[in-house]
Amino acid sequence: MHLRKRHASGTPSSSAPKTARFKTITLPQLVERAKEARDAIEAAAAGMSGSRNGSGPAGSNPQPSLSDLMAAIQNLENRLDKRLEKIETRHDEMCTGLAKVQSRMDTLEGRLEAVEASSTKQYVQP
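Take the sequence shown: its position 38, counting from 1, is numbered 38 in the numbering used here, and each next residue is one higher.
There could be a bad hint or two in this list.
Subject to a maximum C-alpha distance of 27 Å in a straight line, what follows is the list of computed DSSO-like cross-link-like pairs (lysine-lysine) [what the hints assert, rightly or not]:
#1 Lys23 to Lys86
#2 Lys35 to Lys100
#3 Lys23 to Lys82
#4 Lys23 to Lys35
#5 Lys82 to Lys35
#6 Lys86 to Lys100
Estimated spans, in silico, between C-beta atoms of each pair [stated by the list, open to error]:
#7 Pro62 to Thr96: 48 to 56 Å
#8 Met70 to Leu108: 50 to 58 Å
#9 Glu77 to Val101: 52 to 60 Å
Please keep in mind that the hints were generated in silico from the structure rather than gathered at the bench. For every residue, glycine included, the Cβ atom is placed at its ideal position computed from N, Cα and C.
Start from the sequences, fold in the hints, and give me the full structure.
Following this line, the structure appears as structure tokens:
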């Protein structure tokens with residue numbers, strides 16, 4: 001008889017929810033990687049710009065110009081800026097919501113303490 005391994009929740013491992021695992025990257029790390037990529041593209045473009053005048057084999061694709069590469073980099077930077085703005089906005093919304101939840105929890109804890117204090121007074125006999 002074959003027994004399937006069970007999770008702590010009691011569900012068989014084969015029916016356990018599958019969660020995707022992503023490598024976490026911080027925003028500063030993402031910005032640093034984008035800068036490194038831009039620098040690498042600029043260096044490659046600078047190296048290509050001197051050998052661009054038909055020195056490649058016949059029928060080969062022409063190399064992109066430095067201005068094309070810079071425009072592509074600018075486009076990527078603009079997209080990253082927009083994405084960063086959305087992330088920051090969502091973060092601010094979440095922080096505001098969290099503050100509201102924390103305030104509500106504090107209020108409820110205060111009420112609970114008051115109820116507990118009044119209930120112990122009623123049932124304690126001298």
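Hint check:
1. The suggested pairing of Lys23 with Lys86 holds, with an alpha-carbon distance near 21 Å, which does not exceed 27 Å.
2. Distance restraint check for Lys35 and Lys100: the Cα-Cα separation of roughly 38 Å exceeds the 27 Å cut-off, and the hinted pair is therefore not satisfied.
3. Between Lys23 and Lys82 the alpha-carbon distance is near 22 Å, which keeps this suggested pair within the 27 Å criterion.
4. Simply put, Lys23 and Lys35 have alpha-carbon atoms about 20 Å apart, close enough for the 27 Å limit, and the pair holds.
5. Straight-line distance between C-alpha atoms of Lys82 and Lys35 comes to about 16 Å, which keeps the hinted pair within the 27 Å bound.
6. For the given pair, Lys86 sits about 21 Å from Lys100 by alpha-carbon distance, which is consistent with the 27 Å threshold.
7. For the pair Pro62 and Thr96, the beta carbons lie near 52 Å from each other, so the given range of 48 to 56 Å is met.
8. Roughly 57 Å separates the CB atoms of Met70 and Leu108, a value that falls within the hinted 50 to 58 Å.
9. For the hinted restraint 52 to 60 Å between Glu77 and Val101, the CB-CB distance of approximately 36 Å leaves it violated.
Checked against the numbered hints given earlier, the structure breaks hints 2 and 9 and satisfies all the rest.
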